[in-house]
Amino acid sequence: MATVTARSLPWYAPPRIALALREARRYPVVALSILMFLLVIPAAFAPYVAPHDPLRGALAKRLTPPVWQDGGTASHLLGTDKLGRDILSRLIYGARVSLAVSVIAIFVGGIVGTALGLISGYFGGRIDALLMRLVDISLSLPTILLALVLVAAVGPSFGTVIIVLVVLLWARYARLVRGETLAIKERDFIARGRVAGASHTRIMVRYIFPNVVNSLVVLATLNVGYVILLESALSFLGAGLPRPLPAWGLMVADGRELIVTAWWVSMFPGLAIMLTVLSLNLLGDWLRDHYDPKLRNV
Amino acid sequence: MQRYIARRILQSFLAIWVMSLIVFSLARLSGNALDVMLPMESTQEDYDRLAKYWGLDQPLHVQYGVFVTRALQGDFGMSWKWPGHSAMGLVMDRLPATLQLAGFALFVSVLIALPIGVLSAVKKGTVWDGAAKVVALLGQSLPGFWLGIVLMWIFAVHLGWLPTSGRGGLRYMILPAITLGWFQVAAIMRLVRSSMLDVLDTEFVKLTRIKGLAEWKVVWKHCLRNASIAPLTFFAIIAGVLMTGSVVTESVFSWPGTGLLAIDAVRARDYQVVQAVVIVFSAIFIMTNLLVDILYAYLDPRIRYR
Numbered sequence: 135m136a137t138v139t140a141r142s143l144p145w146y147a148p149p150r151i152a153l154a155l156r157e158a159r160r161y162p163v164v165a166l167s168i169l170m171f172l173l174v175i176p177a178a179f180a181p182y183v184a185p186h187d188p189l190r191g192a193l194a195k196r197l198t199p200p201v202w203q204d205g206g207t208a209s210h211l212l213g214t215d216k217l218g219r220d221i222l223s224r225l226i227y228g229a230r231v232s233l234a235v236s237v238i239a240i241f242v243g244g245i246v247g248t249a250l251g252l253i254s255g256y257f258g259g260r261i262d263a264l265l266m267r268l269v270d271i272s273l274s275l276p277t278i279l280l281a282l283v284l285v286a287a288v289g290p291s292f293g294t295v296i297i298v299l300v301v302l303l304w305a306r307y308a309r310l311v312r313g314e315t316l317a318i319k320e321r322d323f324i325a326r327g328r329v330a331g332a333s334h335t336r337i338m339v340r341y342i343f344p345n346v347v348n349s350l351v352v353l354a355t356l357n358v359g360y361v362i363l364l365e366s367a368l369s370f371l372g373a374g375l376p377r378p379l380p381a382w383g384l385m386v387a388d389g390r391e392l393i394v395t396a397w398w399v400s401m402f403p404g405l406a407i408m409l410t411v412l413s414l415n416l417l418g419d420w421l422r423d424h425y426d427p428k429l430r431n432v
Numbered sequence: 055m056q057r058y059i060a061r062r063i064l065q066s067f068l069a070i071w072v073m074s075l076i077v078f079s080l081a082r083l084s085g086n087a088l089d090v091m092l093p094m095e096s097t098q099e100d101y102d103r104l105a106k107y108w109g110l111d112q113p114l115h116v117q118y119g120v121f122v123t124r125a126l127q128g129d130f131g132m133s134w135k136w137p138g139h140s141a142m143g144l145v146m147d148r149l150p151a152t153l154q155l156a157g158f159a160l161f162v163s164v165l166i167a168l169p170i171g172v173l174s175a176v177k178k179g180t181v182w183d184g185a186a187k188v189v190a191l192l193g194q195s196l197p198g199f200w201l202g203i204v205l206m207w208i209f210a211v212h213l214g215w216l217p218t219s220g221r222g223g224l225r226y227m228i229l230p231a232i233t234l235g236w237f238q239v240a241a242i243m244r245l246v247r248s249s250m251l252d253v254l255d256t257e258f259v260k261l262t263r264i265k266g267l268a269e270w271k272v273v274w275k276h277c278l279r280n281a282s283i284a285p286l287t288f289f290a291i292i293a294g295v296l297m298t299g300s301v302v303t304e305s306v307f308s309w310p311g312t313g314l315l316a317i318d319a320v321r322a323r324d325y326q327v328v329q330a331v332v333i334v335f336s337a338i339f340i341m342t343n344l345l346v347d348i349l350y351a352y353l354d355p356r357i358r359y360r
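In order, the protein sequence lines correspond to chains B and P. So for the first sequence, the working numbering puts the first residue at 135; every next one is plus one. So for the second sequence, the working numbering puts the first residue at 55; every next one is plus one.
Rather than coming from a laboratory, the hints here were simulated on the basis of the structure. Even for Gly, the Cβ is constructed at its ideal location relative to N, Cα and C. Don't take each hint at face value.
Stated by the list, open to error - Distance ranges between label pairs, derived from CB positions: (1) Gly138(P) - Pro185(B): 48 to 58 Å; (2) Ala208(B) - Trp215(P): 46 to 56 Å; (3) Pro181(B) - Asp147(P): 43 to 53 Å; (4) Phe292(B) - Thr97(P): 31 to 41 Å; (5) Asp252(P) - Arg190(B): 57 to 67 Å; (6) Pro378(B) - Gln98(P): 35 to 45 Å; (7) Phe292(B) - Glu257(P): 39 to 49 Å; (8) Asp102(P) - Leu211(B): 51 to 61 Å; (9) Val174(B) - Gly138(P): 46 to 56 Å; (10) Gly205(B) - Thr97(P): 54 to 64 Å; (11) Ser291(B) - Trp215(P): 36 to 46 Å; (12) Leu273(B) - Arg225(P): 36 to 46 Å.
Take these sequences, add in the hints, and give me the full structure.
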């Protein structure tokens with residue numbers, strides 16, 4: 135951070151809107167509320183919120199435009215796709231899919247990475263060297279290509295996507311946890327725990343892990359948006375979730391050929407991805423600044 | 055220092071080797087390619103003959119040995135989907151298109167990011183800075199494939215200014231390049247901003263001001279020149295990311311590059327071509343990373359050589 139000099143201070147009073155925006159940025163109310171209303175609540179209550187079945191369409195009603203355009207009906211607020219399926223309902227169920235994929239992948243990847251990071255940092259030596267080489271290699275592999283090949287080999291399915299994402303994610307957590315462990319294990323309470331007869335496993339799980347949780351939560355939050363973007367890109371390429379699952383990336387891909395005649399088919403799922411990732415990034419940034427400023431470069 | 059570089063080089067080769075192992079074993083996992091190649095009514099003999107012809111009847115480690123020996127000579131075998139073409143030849147045929155697109159995308163993203171980054175550093179804390187932050191946030195939240203479709207919709211379909219897809223003159227490149235470069239704009243902008251802020255605070259900049267130089271000259275000449283060292287080293291990383299990111303963009307705009315080739319090959323289960331593309335891309339990606347690390351080690355003595 136540059137020191138405050140006379141030059142870096144604004145020479146005028148910022149307008150009220152700018153101040154309000156800055157306040158909104160400081161408190162993640164906006165991000166959180168967008169997230170809640172766009173992602174979490176619809177996902178949790180999808181069967182009650184969604185007006186239609188996301189998988190069943192009526193061919194007679196295919197490519198109905200959104201309600202505010204000529205030919206739109208109130209029963210399909212955001213229109214229908216080429217199979218006559220309601221886009222709003224598919225978006226709502228899609229929130230469920232995106233959330234499930236990213237949360238499961240980050241959770242599993244986080245656990246694997248944390249465990250390996252703890253072991254690596256705590257024991258050091260040869261295990262550490264080996265694991266860190268593995269981390270370096272894993273981080274230097276080109277993401278999309280690896281995912282493409284993996285999915286192409288095993289076939290697109292929910293499980294495959296999770297595996298791909300876990301393979302791509304674990305190293306970040308391992309590296310983070312290892313770094314923190316290295317610092318923590320030198321502290322006095324670890325030695326005391328050892329003297330009191332705690333086993334290595336107990337030290338790692340009960341002494342070190344609680345001190346790492348903060349950073350882990352921040353990193354996980356920052357990762358959700360990235361994972362949602364990655365998953366939707368894979369689904370778009372046909373290497374992610376299989377049809378007819380209402381995944382946002384698949385929906386954009388479905389609308390791609392129709393962009394001239396029916397713009398709404400791909401526009402709304404794209405907007406959903408953007409708003410979700412945007413608010414997740416805002417939330418993650420805020421969490422990092424407040425709880426873990428040392429993660430600035432992650 | 056030398057030890058650090060040696061270790062990084064070794065590690066890079068290890069990474070490429072791991073990649074080859076992954077690619078090889080996954081290609082074998084992906085089901086029997088003969089099913090795709092042979093017509094429905096073929097007999098067992100047809101299968102055996104073809105398996106023998108492609109060497110698929112050998113044990114796996116022998117197949118891998120053959121694969122590596124040939125790969126080291128740049129030979130990934132013949133394509134199955136495009137008969138008469140070698141896999142490596144296909145990749146090399148398509149590579150210029152991808153390089154061209156990636157290069158232009160890099161140019162476009164710098165063109166957008168540099169002024170914004172400088173402006174937001176000079177006018178830190180004002181509306182300009184705020185707007186730049188919004189650009190950065192949007193850059194990291196927009197899915198590239200969707201941005202491509204939206205751009206196509208607006209500029210090609212509605213306004214009719216630019217062609218929708220394919221490869222031709224400069225006009226064909228504008229939309230794909232923006233799509234591909236968009237994600238990098240935020241990264242470059244942030245880098246430029248932070249290093250500009252550091253430079254703006256130094257003594258020599260104050261001196262140029264005291265000297266009475268015009269403000270634009272102070273900022274755009276003296277500051278920018280000194281602030282561009284850090285972002286410059288970052289370019290190699292970006293180049294690597296652009297290369298692999300081209301898979302998505304090329305598929306949106308039907309740009310006939312290596313990325314599109316990769317997707318077509320994956321869909322057709324053309325092992326040879328998939329292997330060639332992935333290995334070539336990985337090698338480029340890993341090598342640019344290596345280059346950056348070595349460059350950094352020379353430029354910034356504060357780096358710790360683990």
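Now for the hints, and whether the structure bears them out:
| no. | hint | result |
| --- | --- | --- |
| 1 | Gly138(P) - Pro185(B): 48 to 58 Å | holds, 54 Å |
| 2 | Ala208(B) - Trp215(P): 46 to 56 Å | violated, 36 Å |
| 3 | Pro181(B) - Asp147(P): 43 to 53 Å | holds, 51 Å |
| 4 | Phe292(B) - Thr97(P): 31 to 41 Å | holds, 37 Å |
| 5 | Asp252(P) - Arg190(B): 57 to 67 Å | holds, 59 Å |
| 6 | Pro378(B) - Gln98(P): 35 to 45 Å | holds, 36 Å |
| 7 | Phe292(B) - Glu257(P): 39 to 49 Å | violated, 59 Å |
| 8 | Asp102(P) - Leu211(B): 51 to 61 Å | holds, 59 Å |
| 9 | Val174(B) - Gly138(P): 46 to 56 Å | holds, 54 Å |
| 10 | Gly205(B) - Thr97(P): 54 to 64 Å | holds, 55 Å |
| 11 | Ser291(B) - Trp215(P): 36 to 46 Å | holds, 41 Å |
| 12 | Leu273(B) - Arg225(P): 36 to 46 Å | holds, 38 Å |
Checked against the numbered hints listed earlier, the structure breaks hints 2, 7; every other hint is satisfied.
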